[in-house]
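Each protein sequence line maps, in turn, to chains Z and W. Position 266 of the first sequence, counted from 1, bears residue number 266 in my numbering, the numbering being contiguous throughout. Position 15 of the second sequence, counted from 1, bears residue number 15 in my numbering, the numbering being contiguous throughout.
There may be inaccurate statements among the hints.
Said to hold, decoys possible - If the Cβ cut is set under 8 Å, some of the chain W residues that face chain Z in the computed set are:
no. : residue
1   : Ile13
2   : Leu15
3   : Ile18
4   : Trp19
5   : Gln21
6   : Leu24
7   : Ala32
8   : Val52
9   : Leu64
10  : Asp66
11  : Met67
12  : Ile81
13  : Val82
14  : Ala101
15  : Pro149
Said to hold, decoys possible - Have a look at the derived ranges for each label pair, beta carbon to beta carbon:
no. : chain 1 : residue 1 : chain 2 : residue 2 : range
16  : Z       : Val72     : W       : Val119    : 45 to 55 Å
17  : Z       : Leu95     : W       : Leu135    : 48 to 58 Å
18  : W       : Trp150    : Z       : Ser56     : 24 to 34 Å
19  : Z       : Val50     : W       : Gln160    : 18 to 28 Å
20  : W       : Leu89     : Z       : Tyr68     : 23 to 33 Å
21  : Z       : Tyr68     : W       : Val119    : 41 to 51 Å
22  : W       : Leu135    : Z       : Glu45     : 26 to 36 Å
23  : Z       : Ile38     : W       : Ile9      : 21 to 31 Å
24  : W       : Gln160    : Z       : Ser5      : 46 to 56 Å
25  : W       : Asp31     : Z       : Leu85     : 43 to 53 Å
26  : W       : Trp150    : Z       : Leu88     : 33 to 43 Å
27  : Z       : Gly73     : W       : Leu100    : 36 to 46 Å
Stated by the list, open to error - Residues of chain Z placed beyond 10 Å of chain W at every Cβ, according to the derived structure:
no. : residue
28  : Lys8
29  : Arg10
30  : Leu18
31  : Ala22
32  : Leu25
33  : Leu35
34  : Leu42
35  : Glu103
36  : Val133
37  : Ser198
38  : Glu211
39  : Asp240
Everything labelled a hint here was simulated from the structure, so no lab data went into it. For each residue, glycine too, the CB sits at the ideal point set by N, CA and C.
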Amino acid sequence: MISSSNDKARVAGVSFFLFCVALFLTAYSSRNPALANIGSILVDESLRPVQIATQSVLRGISGVWSSYIGLVGVRLENERLRSELARLQGEKVRLVEHQKENERLRELLALRSTKSLDGVVANVIGYDPVSLVQAVVIDRGSQHGIQQGLPVVEGSGVVGQVISVSPHTAQVLLLIDHASGIDGLIQATRARGIVEGSGGGYAQWRFVLREEAVGIGDLVVTSGMDGVFPRGLLIGAVIDLEGRGGGLFHQIEIKPAVNFSKLETVLVLKPATAESEETEE
Amino acid sequence: MRGLRQFLILLAIGLACIWMQATLLRSVLPDACVPNLMLVMAVYLGFYRVSVRGAFEVFLIGVLLDMAAGSLLGPWAAGFIVVFAVLALLARQMFIDSYLAIFVATLFAYFTAKGVYVVLVYEFRPGGLVGFLSLDTVLQGLVTAVVAPWVFKVFRRVLQRSERGFPSGVSV
Numbered sequence: 001m002i003s004s005s006n007d008k009a010r011v012a013g014v015s016f017f018l019f020c021v022a023l024f025l026t027a028y029s030s031r032n033p034a035l036a037n038i039g040s041i042l043v044d045e046s047l048r049p050v051q052i053a054t055q056s057v058l059r060g061i062s063g064v065w066s067s068y069i070g071l072v073g074v075r076l077e078n079e080r081l082r083s084e085l086a087r088l089q090g091e092k093v094r095l096v097e098h099q100k101e102n103e104r105l106r107e108l109l110a111l112r113s114t115k116s117l118d119g120v121v122a123n124v125i126g127y128d129p130v131s132l133v134q135a136v137v138i139d140r141g142s143q144h145g146i147q148q149g150l151p152v153v154e155g156s157g158v159v160g161q162v163i164s165v166s167p168h169t170a171q172v173l174l175l176i177d178h179a180s181g182i183d184g185l186i187q188a189t190r191a192r193g194i195v196e197g198s199g200g201g202y203a204q205w206r207f208v209l210r211e212e213a214v215g216i217g218d219l220v221v222t223s224g225m226d227g228v229f230p231r232g233l234l235i236g237a238v239i240d241l242e243g244r245g246g247g248l249f250h251q252i253e254i255k256p257a258v259n260f261s262k263l264e265t266v267l268v269l270k271p272a273t274a275e276s277e278e279t280e281e
Numbered sequence: 001m002r003g004l005r006q007f008l009i010l011l012a013i014g015l016a017c018i019w020m021q022a023t024l025l026r027s028v029l030p031d032a033c034v035p036n037l038m039l040v041m042a043v044y045l046g047f048y049r050v051s052v053r054g055a056f057e058v059f060l061i062g063v064l065l066d067m068a069a070g071s072l073l074g075p076w077a078a079g080f081i082v083v084f085a086v087l088a089l090l091a092r093q094m095f096i097d098s099y100l101a102i103f104v105a106t107l108f109a110y111f112t113a114k115g116v117y118v119v120l121v122y123e124f125r126p127g128g129l130v131g132f133l134s135l136d137t138v139l140q141g142l143v144t145a146v147v148a149p150w151v152f153k154v155f156r157r158v159l160q161r162s163e164r165g166f167p168s169g170v171s172v
C-alpha cells in the first residue's frame, strides 16, 4: 500500500526509469541478437527437463486417448461394415438369381432360335396344391396370348401342355402326369409310340411294337403328329425296357429331359409355331 | 538473504508460468485460448505490491518473458512496467478484490502491454510485427482476464506464504 504521495512519486519514478531501461534493452538487443539468444537459452535450458517430462506425459495421455477414440472408430466402422456385408450378401443372392434366370432365358432363346419356335416366356409361380395332378401354375394367362392346349417347353425339352387358362395365369399339365399323352418317336430308329406320365417323375412310352428296335439310352423326341407339339423336341431317354413278355408292345420307361422339381422358367409355344411346324411338315 | 529468497520464489513462479503457457496449456488448448499468466502476475503485483521492489519484480518477470520469447529483450518488460505503473496509481481507488475489477484491470493490462509490445517490436524489428487487434489477440485477452481472478488466488497463497514474517510496507 502506498503510504504517501512521496512513495507514489518514487514508484512512478522507478517505473519510468525501468521503462527507459526496457527501451534501452530493446534497442540494444535489436542490434545484438546474441543477447536475446543468451536469455532464451537460459530460460529454455532451465525449463527443458520439465518440458520434456510434460511432453512425454501429454503424449502418453494423448496416445491413450487417441487409441480409445480409435477403438470407438473401429467399433463404429465394424458395425457399418457388418451392415454393408449383410446388404452385399443380399445383393449377391439377388445377382445369382438374376444370373440363373439369365441362363434359363438364354436356353429358351437358344431353343427358340434353333427350333424356330416362338412363344411366351413364363415363370412357374406354383404347383398343384393337392398333388392330384402333376401340374404347375405359370404367371402368364389369356391376356398374354396363352390358350388352352398350347405346348410348353423348357431349354432341355418338353414340359407339358396348358390345361386351363385365367387372365393372368395358366395351369400346365406336366408330361409325367397320368393324363398326359404325347406322340413321340425314337430319334435314331424313328419307332413311334405315346408317351404317358407314370407319376413319380417318370413317363411310360406305350404302344411301341415289339419288333421295333429300342435300347436303353435312346432319345425320345416329339413326332409332331399329335397336332400339339412341334416335331423334334426332346422328351427324354429310355431308362428301362421290358420287351421279353408275351404282349404286343414294349414296356418302356422314360426319364424326362426336364427336371420338374427345378422348373422355374418355361416357354409356352404360340399356336402360329405349331401351325408353321405343321406347314413345314 | 530474505530478499534473495523472495527473488528466487518470484523467478520460480515466473518459470512455472512460462512452462504452463508455453508447454502445458499450449499442448491442450488452441493458441488463442492460452492465457498470458505472466501478465496476470504483473497485474497482481501492480495491485498488491505497490512499491519500488514491486516495480523491479514486474520488470524482472517482463524480462523473463522476453527471454523466453527469444526475440528482443525489453518489449514485454516495458509493457509490464507501464501496466504496473498505471495499476499502482489506481490501486487505492479500486476495490481490487472484486472479480469484476480484476477482470477489467487484466483486460486493460493485456491490451496495454500488448500495445506497448507491438509498438516496440515494430520500432526495433519491423519484420517481427504481430497483429495487435486480431481475433486471436482479443480472444487471448478475454481468456486471460477471465482466468485472472483464480490465478490471483494462487499467487496470493504462494506469495503470502513467502512473505510471512517479511517486514514490508506493502499490504498483500
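**Message:** When the structure is checked against the list of hints, which entries are broken? Sort them ascending.
**Reply:** 1, 5, 7, 14, 15, 20, 24, 26, 28, 29, 30, 31, 32, 33 and 34
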